[in-house]
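> Residue numbers (full-length UniProt numbering): 1 to 294.
No lab work stands behind these hints: they were computed from the structure.
We put the beta carbon where it would ideally sit given N, CA and C, even for glycine.
Honestly, I wouldn't trust all of these hints.
Label pairs and their in silico Cβ distance ranges [unchecked claim]:
(1) L23 x L184: 27 to 35 Å
(2) Q97 x S132: 14 to 22 Å
(3) E189 x K293: 30 to 38 Å
(4) M256 x L44: 29 to 37 Å
(5) E283 x E111: 23 to 31 Å
(6) L197 x T67: 39 to 47 Å
(7) E213 x L267: 25 to 33 Å
(8) M1 x D65: 26 to 34 Å
(9) R199 x K293: 43 to 51 Å
(10) D47 x S271: 22 to 30 Å
(11) Q274 x L197: 30 to 38 Å
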Amino acid sequence: MEIPRYPESRPLLLEDKSQLDPLLWELQPRVSELTFANLYLFRLVHDYRLTRVGDSVVALGCGWDGTPYFLPPFSGDRGAASRTLIGAGRTLYGADQGFLECHFPDWDALEVLEDRDNFDYLHLRQEMAELSGKNYHKKKNRVNYFAVRHRYSVEAYEEKYLEGALKVLDEWQRIRTSMGPSSLEREVEGAAEALRLYRELGLSGIVVLVEGEVKGFALGELLNRNTAVCHFEKADLFMEGLYQLVDREFCRLLFMDCEFVNREQDLGELSLRQTKLSYHPVELVQKYRVRRKD
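Use the sequences and the hints to build the structure in full.
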């Protein structure tokens, strides 16, 4: 379907994958939002819509508070398209340092804000796969604790594991919701859709089976030539060491040609931030919001 010119736009569709994939791959992005699967799975949460600004294809969206924003343009004169949309009152979200230096060498007329809650955690894949050395001693002990108490196997995710993975996801949501108010519904909807459409979206994953029953899973894809991104990882919250095993097996069995794995952001959730930092990222991929000073 044709992508209209700004200010007109249209919803993001599954059939847009064939058109957007080459554009996104050409960018070799470092931020986790810039894959088709990520855009599609969170299209309803952020009301992603496609438009053309000059010779650029751009995704427009809305923040959790309804603030209109746009992601770094996918093609064409990305700087000119960004300046047009910023001038129209939209905020640029998800710009990394490289994008800013390339397209906004003069920031005087702009307000550039660090968005720490959305920094991506970048890890060495081999370290995550081996859990060797003193930095990962506690993680490895937890995996060993799980391994000696459970008969388990690890398999590549396939459609035959859908029902079991959805059951894990439902139970995870039930337990997390029982702990207090949350906004997990949209995340769960995205994960469920990823499990159902993994082939169409180009996702790969693993499942951990305990006594033949799915107890954990992880799904991801290539972000760029040297980096995989893990979009979803869920497991039985009462099986100590299982989450660490899921993380290890994702990195051990998938995307073995990649040097890095991007484990996305913490969204400002303190416990999640502490967990992600405990894996000793080699870098926090900084993201910025850019808007008019007025």
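> Indicate, hint by hint, whether the structure satisfies it.
Hints versus structure:
Here the CB-CB span from L23 to L184 is close to 31 Å, well matched to the stated 27 to 35 Å. In this structure the hint that Q97 and S132 lie 14 to 22 Å apart at CB is violated, the actual value being about 31 Å. Hint check: E189 to K293, Cβ distance near 37 Å, so the stated range 30 to 38 Å holds. Checking the proposed 29 to 37 Å range against M256 and L44 shows it holds: the Cβ atoms sit about 33 Å from each other.
The supplied range of 23 to 31 Å is met by E283 and E111, whose beta-carbon atoms lie about 25 Å from each other. Hint check: L197 to T67, Cβ distance near 29 Å, so the stated range 39 to 47 Å is violated. About 30 Å separates the C-beta atoms of E213 and L267, a value consistent with the hinted range of 25 to 33 Å. Under the hint 26 to 34 Å, the C-beta atoms of M1 and D65, about 30 Å apart, fit the expected range.
At about 46 Å, the CB distance of R199 to K293 agrees with the hint of 43 to 51 Å. Between D47 and S271 the Cβ separation comes to about 28 Å, which falls inside the hinted range of 22 to 30 Å. The given range of 30 to 38 Å is respected by Q274 and L197, whose C-beta atoms sit roughly 32 Å from each other.
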